[in-house]
Amino acid sequence: MLRKPWAKVPVWLLSLTPACWLAWRAYHNDLTANPIEYITHFTGDWAIRFVVITLAITPLRKLLKLPDLIKFRRLLGLFAFFYGTLHFLTWFGLDKFFDIHEILADFAKRRFITMGLLTFLSMIPLAVTSTTGWIRRLGGKRWQRLHKLIYVTGIAAVIHYYWLVKSDIRLPLLYGTLVGLLLLYRIVTQSLARKAKSTPTPKRAAQTA
Amino acid sequence: MLIKKPADIRHSEVTPKHVYLNRRNFLAGIPAAFLGARELLSPSARALAGAKLATAGKSKLSIDEKANSYQEVSTYNNYYEFGTQKDEPAKNSQNFKSSPWTVSVEGYVAKPRKFSLEEIMAIAPLEERVCRHRCVEGWSIVVPWIGYSLSELLKKVEPTNKATFVAFETYWDRKQMPLATPDRAGIPLPYVEGLRLDEAMHPLAMLSFGMFGETLPPQDGAPVRLTVPWKYGFKSIKSIVKIKLVGSMPPTTWNITNAHEYGFYSNVNPKVDHPRWSQASERRLGEFRRRPTLMFNGYGDQVASLYEGMDLKKNY
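Here the protein sequences line up with chains A and B, keeping their order. The numbering used here numbers the first residue of the first sequence as 1 and each following residue consecutively. The numbering used here numbers the first residue of the second sequence as 210 and each following residue consecutively.
A hint or two may mislead.
[As the list claims (entries may be wrong)] Computed spacing ranges between beta-carbons, pair by pair:
#1 B:Pro-479 / A:Phe-98: 30 to 36 Å
#2 A:Gly-180 / B:Asn-304: 50 to 56 Å
#3 B:Pro-397 / A:Leu-121: 35 to 41 Å
#4 A:Leu-146 / B:Asn-524: 27 to 33 Å
#5 B:Arg-383 / A:Arg-186: 40 to 46 Å
#6 A:Cys-20 / B:Arg-485: 31 to 37 Å
#7 A:Leu-118 / B:Asn-304: 41 to 47 Å
#8 A:Leu-60 / B:Arg-383: 56 to 62 Å
#9 A:Asp-45 / B:Lys-320: 48 to 54 Å
Bear in mind the hints are in silico, worked out from the structure with no lab data behind them. Computed from a predicted structure; not experimentally measured. Where is the CB? At the ideal position from N, CA and C, for every residue including glycine.
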């Protein structure tokens, strides 16, 4: 079913649902007493969720033996960038109202903002080079190395969240644990792969085939 | 006595409950008809049917600024015992029993005693006082509180010369507040606060029993709370059960939680930043652009003298 041509449609619709729900609430003036704060938190929540979902694709492909999940990784990663951009623009435009002076003051003072900017910046090259054209231009190996930036995104997003909460650290810890596990998966599989490569066994010729 | 005792009111005078609960829909007019269904379901319209609180008039200490709406003040709250999200206290405190209530006044006072809610409300004439309220997080509101200066209560119980600080404690009960555990709330409980005696005796420090012409809804600190408008909002402790006159600086919950970020004095000060964010500006709920934060939340003329000679950066 994952290979059907329409398989991406439900994923698109589900991914757009949070944005639609937010627009619905905005239309009905139901954005709480502090709308800018609400929109910022809402878009931030979904940005980090999509980062986690995107990071989960590769482990799920291997563990569930569903290689076709790769079809959806770019789509989900770009939605992380979409919500991240909304989140950034809400802060930049609505909160700071494009006031460069205030924005610079924020960077100097609020380190969680600096971490947020780092998170957002790390996503830009990923979004720009997400197309097959760019995979060709960079070559598969270089493209793969660049896209390891998503690990930076995941870690920076968690730190950004952890540094901004007042006392209730449960959600930042949850995302931290998820990102941690998803990165641990890569550490484990990559070190096992390296071990397999460096161990000369008679079976190796058959393995690499 | 400004509040009618139950015996004074005939049963036939009592407003039918459904009319009373939906009164704001009538007040709001035609546009509300479209929102009517939603308003009926929203926490502020429905459950927080506070009783009307008659006042002796407007306080001379009121500021001349537009108050926020009842909706804003009653649906955007920090009351971690009922949940740490802004909309949770209104949702989770619907069944909070604020009557009967006892406030115990103890410590270095000549006349320690327990007050029932009726007794403590009767100590001085209730006035409506419009005050600024600035949260340490960077948002602010203007609220028409109803109450009287804390000094009236303190004068009545006569602090002895050993008393140099006033300590306060909030109600804490796992049955009525199932989310009120230290790890769910992120802070140690019960919630405690404190003021220096001269701060507590300042006329601006207020015991509040109501807002917007009615008794307090649970999420705003029913039935009695502190209003210390020149300090960050977390010092305006809610649902007070104990007031104790003590001889040394008492523990305060946010200082215990994170001493590096929250001090004892916590005066609103645009020049002293929170370690993780600037305090130079704030968002007044309902406004789009942020506004500059005022020294002592705009009450500098009245309270600055309390802190003459103090390094407010050190004593944050």
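Hint check results:
In this structure, Pro-479 of chain B and Phe-98 of chain A break the distance hint of 30 to 36 Å, their C-beta atoms being roughly 22 Å apart. In this structure the hint that Gly-180 of chain A and Asn-304 of chain B lie 50 to 56 Å apart at CB is violated, the actual value being about 40 Å. In this structure the hint that Pro-397 of chain B and Leu-121 of chain A lie 35 to 41 Å apart at CB holds, the actual value being about 38 Å. Checked against the hint of 27 to 33 Å, the pair Leu-146 of chain A and Asn-524 of chain B fails, with Cβ atoms roughly 51 Å apart.
Distance hint check for Arg-383 of chain B and Arg-186 of chain A: the Cβ-Cβ separation is about 43 Å, which falls inside the suggested range of 40 to 46 Å. Between Cys-20 of chain A and Arg-485 of chain B the beta carbon distance is about 33 Å. The supplied range of 31 to 37 Å therefore holds. Separation of Leu-118 of chain A from Asn-304 of chain B is about 45 Å and conforms to the stated range, judged on CB atoms against 41 to 47 Å. Separation of Leu-60 of chain A from Arg-383 of chain B is about 40 Å and departs from the stated range, judged on CB atoms against 56 to 62 Å.
Against the hinted window of 48 to 54 Å, the Cβ-Cβ separation of Asp-45 of chain A and Lys-320 of chain B comes to about 53 Å, which satisfies the hint.
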